[in-house]
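Numbering-wise, the sequence shown is residues 320 to 548 according to our numbering.
There could be a bad hint or two in this list.
Only pairs whose alpha carbons sit at most 27 Å apart, straight line, appear in this in silico DSSO-like list of lysine-lysine [to be verified]: (1) 466 <-> 445; (2) 506 <-> 458; (3) 412 <-> 520; (4) 344 <-> 359; (5) 354 <-> 378.
None of these hints come from the bench; they were simulated from the model.
Quantities reported herein were computed from a predicted structural model and do not represent experimental measurements.
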Amino acid sequence: MRLDKFMTECGIGSRSEVKKLLSMKLITVNGIISKNADMKIDEVNDRIEFNGKELQYRKFRYYMMNKPAGVITAAEDRKHDIVMDLLPEWVIKKDLFPVGRLDKDTEGLLLFTNDGEFSHKVLSPKSHVEKEYFVILEKDISDDEIKKVESGVIIDDGYNTKESRIGRHSGNEIFLTIVEGKFHQVKQMMEAVGNRVTYLKRVRFADLLINDLEPGGVAEVSREDIVKG
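Based on the sequences and whatever the hints tell you, model everything.
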């Protein structure tokens with residue numbers, strides 16, 4: 320791999336920016352200052368340092384965010400605050416995008432990656448990847464209503480939801496696990512049994528738990544953290 324390509328894929332900057340850094344003698348290969356953008360390097364075995372810090376090459380990157388309410392899941396929007404603006408400086412943003420979406424008023428676990436194949440796989444209903452939500456409802460939900468939701472309900476567009484799983488936390492607080500992600504699905508599932516969602520937070524995506532990540536916080540994770548095995 321060319322040195323300038325390696326640097327850009329590590330998120331250091333564009334190729335023209337990398338050339339400027341090379342001219343400033345800020346990049347070393349195996350301890351030797353390099354000025355050659357087209358230098359061939361072994362991205363696995365060579366030690367590349369920028370300004371004294373070793374760069375680790377990873378073709379694909381994965382991050383999790385505890386999305387706060389009031390922010391939309393989009394890569395670009397001129398009218399609203401977007402999740403991409405919450406990513407800290409240490410995140411390598413090159414080719415990064417959110418995996419799926421959470422509604423503006425929904426909080427919780429949102430993934431980011433530059434791995435398009437992985438994103439397509441985990442979002443496909445055929446993959447049966449679980450997403451778990453903590454839900455607070457306007458009023459208590461009965462056992463019969465829980466069974467009805469779990470077996471599948473008809474939502475606004477005439478779609479019959481797949482089987483889901485509900486764990487009761489209190490009378491009007493539940494943990495809902497689904498394997499699909501239609502627009503406003505959780506809200507519509509609750510409306511189908513005459514209830515209304517007042518608070519919604521995704522707490523798990525596949526095998527990855529949000530745990531104690533603070534609102535707006537971001538952490539780097541591995542593909543294996545998300546989907547084990």
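Hint check:
1. With a C-alpha separation of about 23 Å, the suggested pair residue 466 and residue 445 falls inside the 27 Å cut-off, and the hint holds.
2. With a C-alpha separation of about 14 Å, the suggested pair residue 506 and residue 458 falls inside the 27 Å cut-off, and the hint holds.
3. A hinted pair counts as satisfied when its Cα atoms are at most 27 Å apart, and residue 412 with residue 520 qualifies at roughly 25 Å.
4. The straight-line distance between the Cα atoms of residue 344 and residue 359 is roughly 17 Å, inside the 27 Å bound, and the hint therefore holds.
5. At most 27 Å may separate the alpha-carbon atoms for a hinted pair to count; residue 354 and residue 378 meet this at roughly 24 Å.
Going through the hint list in order, the structure satisfies each hint without exception.
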